[in-house]
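Trainee: These are the residues of each chain, in order.
Protein chains: 2
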Amino acid sequence: MSEGAIKGKVTVRLRPGVLDVQGKAIANALADLGFGDTEVRVGKVFEVSLDAADADAARARLAEMATGLLANPVMETFEIEVD
Amino acid sequence: MSEGAIKGKVTVRLRPGVLDVQGKAIANALADLGFGDTEVRVGKVFEVSLDAADADAARARLAEMATGLLANPVMETFEIEVD
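Order-wise, the sequence lines are chains A and B. Once you know that position 32 of the first sequence is 32 in my numbering, the rest is easy, because the numbers rise by one and skip nothing. Once you know that position 48 of the second sequence is 48 in my numbering, the rest is easy, because the numbers rise by one and skip nothing.
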């Protein structure tokens, strides 16, 4: 990767209707620790440095990466940010 | 949790010096898929709805949750955002 790499961020979240088991487990653990009643959804964030001509090109490339590898479109949605 | 719950986000990342094995694996997979040379770091994002008096109180509470459960301070850092 060259010096002029562009940094982008892909955030992957479970679709609203999909049960978030990990989130439920964390909410239970938080309740046990005395944090009271909460609702927790867990997602992943991929910070990617890539070679691209400009921010738009990087955004398009990150969208391809998200649909091709980082997210499961059946259960997940993704959001892309480029610095 | 009441109707007036506050939504916050805790992003947990590996500290810069810590080897991100999952990120390396993803960078390798992206290369195999023809995406060229990239650098990838993987983090987690916890979206938490909680009862709190105001945004500052929510922020303080989320910081306690992060240090107490969501992040491992030895290897990870966290960042808090409140809507």
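Calculated from the structure, these hints are not laboratory results. Possibly wrong hints are sitting among the right ones.
To be verified - Calculated lysine-lysine pairs in the DSS-like style (CA-CA distance at most 25 Å, straight line):
#1 A:LYS9 <-> A:LYS44
#2 B:LYS44 <-> A:LYS24
#3 B:LYS7 <-> A:LYS44
#4 B:LYS44 <-> A:LYS9
#5 B:LYS9 <-> A:LYS24
#6 B:LYS44 <-> A:LYS44
#7 A:LYS44 <-> B:LYS9
#8 A:LYS44 <-> A:LYS7
#9 B:LYS9 <-> B:LYS44
#10 A:LYS7 <-> A:LYS24
#11 A:LYS9 <-> B:LYS7
#12 A:LYS7 <-> B:LYS44
#13 B:LYS24 <-> A:LYS24
#14 A:LYS7 <-> B:LYS24
#15 B:LYS9 <-> A:LYS7
#16 B:LYS24 <-> B:LYS7
#17 A:LYS9 <-> B:LYS9
#18 B:LYS24 <-> A:LYS9
#19 B:LYS24 <-> A:LYS44
#20 B:LYS44 <-> B:LYS7
Stated by the list, open to error - What the simulated footprint calls covered on chain A by chain B, stretch by stretch (three residues with Cβ under 8 Å from a Cβ of chain B suffice, anywhere in the stretch; the number is not a length):
#21 32-40
#22 60-67
#23 70-83
Quick reminder that beta carbons are idealized off the backbone N, C-alpha and C, glycines included.
Trainee: For each hint given before, does the structure comply? Return the numbers of the non-compliant ones in rising order.
Mentor: The structure conflicts with hints 10, 13, 16 and 23, although it agrees with all the remaining ones.
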